[in-house]
Each structure stands twice: as C-alpha cells, then as structure tokens.
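Using the hints, position chain B against chain A.
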Amino acid sequence: MENVKHKKLLVVDDEPEIRQMIDRFLRNEGFSRIFHAASFAEALEVFHTVKPDLAILDVMLPDGDGFSLLSSIRQTSNIPVLFLTARGEDEDRLLGLGLGADDYMVKPFLPRELVLRITAILRRVYAPPQQERYPVFQLGSRLVDLESGIVSNNGDELPLTAKEHALLLKLYENRNRIVTSDALCQAAWGDDYFGYENTLMVHIRRIREKIEVNPSKPEFLLTVRGLGYKLMVRGDE
Amino acid sequence: MRSTARILKRFIGATMLISAFLLVFNFVLIGVWVFNGMNEGGSPTRVVQQVAAGLQAGNQQFALDEVAIELLEQNQAWALLIDDEGQVLWDYHAPENLPDTYSVIDVAKFTKWYLEDYPVFTWEHENGLVVVGYPKDSLVKYQYHLPIQWVGTLPLKIFALLIINLVVGLLLSLIIGYKLVRSIRPLTEGIQALGEDQEVFIEPKGILQDLAQNINRVASLLRQKNLRLKERDEARSNWIAGISHDIRTPLSMILGYSSAWEENPTLPEEQRKEAGIIRRHAENLRSLVNDLNLVSMLEYEMQPLQKRQLRLAALVRQVATEFLNNGLDEQFSLEIATLDERAQVEGDERLLKRAITNLIQNSMNHNPEGCTITLQVSVQEEYGTCRLTVEDNGKGIPENKIPELLELPYSSKRKQSQRSGHGLGLPMVARIAKAHQGHFILDSDTGKGVKAEIVLPTKNSDSTKTV
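Residue numbers (our numbering), protein chains in the order written: chain A, 1 to 237; chain B, 1 to 467.
Here chain A stands alone, though its shape is the one from the complex (with noise of 0.2 angstroms):
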C-alpha cells in the first residue's frame, strides 16, 4: 500500500492559501508529489502535462466551473476525481456525483477527513485487484468463518445459509454499533425489504443457535428494542 503516497495529486482551487493548506496536509501525510492548478485552462495544462492520478477540483474557478472540467478531464482519462467545494447545496452534490466524480466534500472541511478520503479511493481505484475476502472472527470460543460460511465450536462445524452469512457480515461490518432492522433487511432481501420483519427475526433466532452458547440469553448478537441489533465483538479495532 506504500506505492498510494507516491501518486500524483493535482489540486485545483483559486485560492492560493487553501491550494498551500492543503499541500502541507497532503504532505505531512507522505503524499510528495503534489501539482497545483488556479484555473480551469491552468488545470487542462498540468493535467495534460502531468498526468496526474486523482484530482482535487474546487466548483466555482474563475474562468469556469468544476462540474465542466471534469468532463473535459473524462474525455481523456477515468482518473478518481474528488470535488472539494463552498458551495454545500444538494444539486450540486448530485451533479457533481452523477459526472463521476468519486467523492463530494463541502468546505470548511477537517484535514483529516479530506486525507482519509483521498487515500481511500486511491486505494480503491489502484489497489493490484484480488480477491474480496470475507472476514473471520472469533465469538467467545466460537470461530465465524465469513470466507467458507461456517462456525466452528470445537470442532463442531455448522454451515451458514446465505441470509444468514449476509446478515453476519452486514452487522460485523458495523461490528459494536447499532444497525437497524432495516439495514439488516436491506441486506439479505435487498431494496424492497418491506415486510420481512418477522422473518428476520427467525433468521436472527437461527444465527443466535450457531454463535451463542445461550441463544434465550445472548452475549454477542444484541436486540436493541425497537431499532435493530448489535453485534459485540471484543478485542478488535
């Protein structure tokens, strides 16, 4: 993952002092080679010349906007492009994300943030592809296996259905934090989940079978009344 500090930047705004801010961020974070562009016909130039690997774009420039140079840049090249803006209105953000851009955030932002974010997309577009693996975990003294869908308890091996291998996974994903009976049903049924209610609480009965050793008095998978479930894993994070 060392190779993301070592791609190049190119940073858009017309102002010189958010351009720098934003510079010193990137910098103190390992990130070296940084370009900064004040106007649209500056930014195509070190864009062309350049070529840079993602792109930080402010929406208003003064010789055009934001939303216009990203598709002058998408006519070339499908580099990840990140809109930083003053303007926080809801179209724009919906349009900003509808030309392609890869994020959308509104000014004045946390550095931190914006670092994160940049670093998780240039993992996302250049990471060396392989293979997506689902995570293993241990529950008590109960191993959950999401990459073969099986719950080990010593030596006792019991498979998990699909439902319920995708409930698991959406509440170790948010592993400690509350996730809604929605989300879950979003989850295993997809968009019209509407109505499965009763069902996932069977199917929830069923994980408590496999992972809990009193499934009437859970330790791990947790009602939280009225919203939705907690899943308690110690030890991680």
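Worth flagging that the hints you see were computed from the coordinates, not collected in a lab. Treat the hints with caution; some may be incorrect.
Said to hold, decoys possible - Per label pair, the in silico range of CB-to-CB distance:
| id | chain 1 | residue 1 | chain 2 | residue 2 | range |
| --- | --- | --- | --- | --- | --- |
| 1 | A | PRO215 | B | PRO304 | 30 to 36 angstroms |
| 2 | B | ALA235 | A | MET201 | 53 to 59 angstroms |
| 3 | A | ASP192 | B | ASN365 | 37 to 43 angstroms |
| 4 | B | PRO265 | A | ALA120 | 21 to 27 angstroms |
| 5 | A | VAL136 | B | ASN264 | 36 to 42 angstroms |
Glycine included, each C-beta is placed from N, C-alpha and C at the ideal position.
Positioned in the frame of chain A, the structure of chain B alone reads:
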C-alpha cells in the same frame, strides 16, 4: 355559477315588477286624460240639451235663456231650430252661408257628421229640432259600432292582452338578463381566478368593458407585485447563500490549521487544547452557516426537495441508531415507543432526518441535566396523515414562549435570545414540515416536558404489502 343564476333571477324579478307597475300607471294616466279631455268645456251633448231646454217659444218669437246663451258664448257655438218641415224657425249667431231649409237626408247627415264642416249636435224640442254648431275644426265626431259578441268577450281579451304582455316582458327580460349575465361571467370568473392567484386576462368588450379593463389592471398589478416579492425573496436567499459561500473558504483555513495544531504532537499540551477550542468553535460556525443557508432556502421556498417514498419508522430507527452509535451522554436515554410501519410519506430523506435529529438535539439542549426522549410514529387514517412524535420528560418550556420558538431568531416576533444552540433548530423543523405540506406542533409547559409532533400527509405506494 350560482351567483350568476341568482343575478338572473333577481334581474327578471325586478324587470317584471317594473313593467307591471308601468302598466298600471299607464292605465290610470290614460283614463284620467281621456276622461278629462272628454269633459273639457262641458260636453256638447249637455250644451245642446241645455239650449233645447232654455229655448222658449214666445208669441211668434223664440227666446233663449241666460244660462244657455252663456254656454253658447263660452263654446263660441251657434244654434238653430228647425221645424218638422225642415224650415229654420230660429237661429242664434248661425253662420250666414247656412241654408234655410233642410231635407230629411240633410238632417240625417249632419246629425251624424257635420253641417257645412261645422261639428253640430242635435236635440229634440217641442217645436222641432235644436241644432248647436261648434266652430269649424274644434271638435271631432266619432261613431262607434261594435258587435255585441266583441263587447261580450272584451274582459277576456283584456286579460289575454295582459298575459301576452307578461310573457313578452318575461322573454325580453330573460334575453337581456342572459346577455348581461354572459357579459358578467368572464368578470366573475376573472375575480375568482384573481383570488386563487392565477393568471387573469379578460377580453374587454360589451357593456362591462371598463370593468374588465380594471380587473385586468388589478391582475397585472398583482402579478408585478408577486414578481417583485419573488425577486426580493430570491435576492435575499441568494445573498445568504453568497455570504455562506464566502464564509466557508476562510473558515476552511481556521478549521484546517486549528485541527492540524490540535493533532500536532510537537506542540505543548496547552496550545493544543487552545487549538481544540478554536477548532470546536469553527465547527459550530460551520453548522451555523449550513443551517442558516438551509433555513433561508426553506423560508423562501428555494430548497429543491429530493422527494421519494419513505417509511417514517425506518427513518426514526436510523436517526435513533446514529445517536446511540455516536455515544449518547449517560444522562439521556432514547426510547422507542410504537412505530407504525404503515406510515409512509413522500419526502426528502435528508431533510426529514434532519428534522428528527433537530428535535432530539433540542430536547437534549434544553435538559442538560438529563431526560428520557421517546420517539413514536403513528397513522391517522381518517385524516390521511401520519405523525412523528418526539417527547421528553424534561423541564419543559413555558407555554407562552412556544409560538416565538418557531420564529426565526432576530425576527421581530422573536425577542428573547437563545441560550443554547443558535435557535434555528425548531424553526427549521417547522419549515421542513411545511415544505412537505405538513405542519409542526409543539406542546409543552413548565414541568410538563416537551412534546413535538410533525404531521405529514400519508402517501402510500401501490406496492405496500399488508403485514
């Protein structure tokens, strides 16, 4: 349309009343005139009667008494006495050119018509026939001959005449009234449309064209005013959006560098704390700017809603979960009462979630020493609405302070400054509810806790499954 029918009815009634009155009036007037005209200067029949009575035969001489002479003088009339043979026995100021003898035929003729163009009248006398003549061209003589049958049916005929009059009058007033109403109809429609704030133009024609022009003028005036108001609202909203935009860039610098200092391990602890304070206040300022912008957009109806079908129960669960996952201070507890899964609305997910968040946040801000916040979603099928309730058991708000809490801060209707928060939270909720064709109810009193309700029109999707 009911009003035009009423106008027509009234109009016809009035015209019928007027024509009936005129008819009676004319009858009376004509009667009086005819009667008076016939009797002007005494009727000729009475004069000739008087003369016949006043003419006395003396010895070879006839004498007319004073009264008869007076009458004749008054009418500038003359008199003759003709005997049975047709000889003139006596005369009084008879014209020279009159013959001295008259045949039966002559008598018959002038009795009915004229004697040498003099209108004459006759009466019987013991010595013959008295003839009284009036000056030429002073009187007209008419003879009436009416069939008995005709005279017999006369009352019926008069009655029929009245009926015909009535019908014709009714018909005429109907036609005129209908025309009038037809010319009024565009005007009434125009005024109605004006009240409903629609575009109005009435073709100015007919008898009411002045009125039509006036209505058109009022309509265009209103249109201009509305346009100006909208322009002003737009300008105000754009102004606030512009200021928000201009604040965001410098705020980026403040937030950026203060948070960088806060996380810089090489700086002394004290300075990092101070940087943290700056960072926190910059974040407050950021949320203020965002909220100000959102409220102003809602206030001037410039906020585009990203509407889609939403289930209120799911929204409430999502917001409550976010609060719990982000760590609720231990003095607060969030309870979920019944959430009616049928409650579906068409709305902007982000705005509605914002409204719920504001209500929960508001309860927490008002009760820093802690409270229990209960969330509920219910459906009122009879009103076609659903209701989202956020209730706390905290110290409450004095009842008389509630209306001003929904006004924008610093407006003339809201005098007290807010102690906690920037005071935009509740006005924002009220405006979000309004933008969804719903309304916001705040119910509280000191010691009673706060009950906040958002009432929204239900919008069921066709694919709703009944569970």
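Taking the hints in turn, this is what the structure says about them:
{"no.": "1", "hint": "A/PRO215 x B/PRO304: 30 to 36 angstroms", "result": "violated (49 angstroms)"}
{"no.": "2", "hint": "B/ALA235 x A/MET201: 53 to 59 angstroms", "result": "holds (55 angstroms)"}
{"no.": "3", "hint": "A/ASP192 x B/ASN365: 37 to 43 angstroms", "result": "holds (38 angstroms)"}
{"no.": "4", "hint": "B/PRO265 x A/ALA120: 21 to 27 angstroms", "result": "holds (24 angstroms)"}
{"no.": "5", "hint": "A/VAL136 x B/ASN264: 36 to 42 angstroms", "result": "holds (38 angstroms)"}
Of the numbered hints listed earlier, the single one contradicted by the structure is hint 1.
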